[in-house]
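> If you're matching them up, the sequences are chains A and B in order.
With the first letter of the first sequence counted as 1, position 140 gets the number 140 in the numbering used here; the numbers rise by one all the way through.
If you count the second sequence from 1, you need to add 1000 to reach the numbering used here.
If you're looking for bench data, these hints aren't it; they were derived computationally from the structure.
Accuracy of the hints is not assured; some may be wrong.
[Claimed, not checked] With a Cα cut of at most 30 angstroms, we get these calculated DSSO-like pairs of lysine-lysine:
no., chain 1, residue 1, chain 2, residue 2
1, A, Lys164, A, Lys203
2, A, Lys230, B, Lys1083
3, A, Lys230, B, Lys1070
4, A, Lys44, B, Lys1083
5, A, Lys230, A, Lys184
[Claimed, not checked] Every beta carbon over 12 angstroms from chain B, so not counted as near; a handful from chain A, in silico:
no., residue
6, Cys53
7, Leu98
8, Glu105
9, Ala129
10, Gln226
From the three backbone atoms N, C-alpha and C, an ideal C-beta is built for every residue, glycine too.
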Amino acid sequence: MFQKLIQAAVAAALAAGLLSAAHASQSCPQHYVSGQAPQIVNEKMARATRELCYNVFGVMHSGITRTPLWSAEHLTAPNLEAAEDLSRENSFHPELDLPAGQRAELADYARSGFDRGHMAPNGDMPDRASQYQSFTLANMVPQDADNNRHIWAGIEQNVRKMVKKEGDLYVLTGPAFIGGELRKVGNVLVPSHLYKAVWSPRKGAGGAWFVANESGARVQTMTIAQLESKIGINLLPSLSTRQKSEMLRLPKPKAGKRRD
Amino acid sequence: MSKKEVKIAFEPYSNEADVLQIGGLTIENRLDRITIDGDIDLTMDQAGLARARELYQLLGAAVARLEAQKALPEHLPAPTIGKADNPFE
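The shape of chain A in the complex, shown without the other chains (with noise of 0.2 angstroms):
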């Protein structure tokens, strides 16, 4: 009785929102360097928030922005092999194992203008099941179109250049919401800024990109530790400060291809 008890209560706190953060690195260590996921540290951005753990990927997802914060993928040469045999047909999707109140709806993205912009990019997707994952709602953020189809695709290219060359990456990509007034499509907030960062196990290295999310932005190359200061979030809370300093050699981004 007394554990029912506390069964519920601990139901109810995640409802609202409360534990989330706290249990986060708990579900799918396996995308996750050390297994350890990010640490939110503004805990404005902890609230209503709810990780989610797909096959080749991990969310940890919004309630406020109906955004995901981040999606975490453990990228390996061998994946990304089987990567390039794309699913002929695939969907956009609303998550359902989220609350109603807190997720994205396909209408609140129609005849927005924006992209629904993966994080977690379907081009790195292993298999269909996973390709199917990646268009979750879950794993979108509204983003400018031109931004989407040239900068960021020319970025997540670099990225599996990278993986094939090194032979694994560690990669978050999310959203930043910066600045006092931000855009908002039908419930789902846009983000400001998208970020992508990567962490070499072999070369103890990583880096990241930092875009606004616009047309034709210039994209910012920086540090792991210059990202993290800039999101509020603890991306790789096993990395010490020294090593989230070295930076890894990223290539110069440039428009390519989608496959998103």
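Fit chain B to the given chain A structure using the hints.
Below, chain B without anything else, positioned relative to chain A:
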């Protein structure tokens, strides 16, 4: 309709869900547009013919749907984008 034609369940402008891959093209269905992104080689072989037919069928369906639309505007009105205070600041 040729028997070799592949039937695709993609009704242009009918939903916000469908995604179709033809060669290197990604085609997304939206209510106010279809988005075709990427590139494709229509090679002078059977594979090229199959892709060309598929694309032709898709574009035919898009043209038919647009032509059937009553009061098709010159251009779509600009989307209405809302504003919100940043909840994280």
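> Does each hint hold? Answer for all of them.
How the hints compare with the structure:
1. With a C-alpha separation of about 14 angstroms, the suggested pairing of Lys164 of chain A with Lys203 of chain A holds against the 30 angstroms cut-off.
2. Distance restraint check for Lys230 of chain A and Lys1083 of chain B: the Cα-Cα separation of roughly 22 angstroms lies within the 30 angstroms cut-off, and the hinted pair is therefore satisfied.
3. The suggested pairing of Lys230 of chain A with Lys1070 of chain B is violated, with an alpha-carbon distance near 49 angstroms, which exceeds 30 angstroms.
4. For a cut-off of 30 angstroms, the pair hint linking Lys44 of chain A to Lys1083 of chain B stands: about 19 angstroms separates their Cα positions.
5. As the CA atoms of Lys230 of chain A and Lys184 of chain A are separated by approximately 21 angstroms, the hinted pair is consistent with the 30 angstroms bound.
6. For Cys53 of chain A, the shortest C-beta to C-beta distance to chain B comes to about 23 angstroms, beyond the 12 angstroms cut-off, and the non-interface label holds.
7. Distance to chain B confirms Leu98 of chain A as a non-interface residue, since its nearest Cβ pair spans about 17 angstroms, more than 12 angstroms.
8. Not every CB of chain B is more than 12 angstroms from the CB of Glu105 of chain A (nearest about 9 angstroms), against its label as outside the interface.
9. At the 12 angstroms boundary, the C-beta of Ala129 of chain A stays outside the reach of chain B, the nearest C-beta of that chain being 15 angstroms off.
10. With 12 angstroms as the threshold on Cβ separation, the claim that Gln226 of chain A sits away from chain B holds: the shortest Cβ distance comes to roughly 19 angstroms.
The structure fails to meet hints 3 and 8 from the earlier list, while all remaining hints are met.
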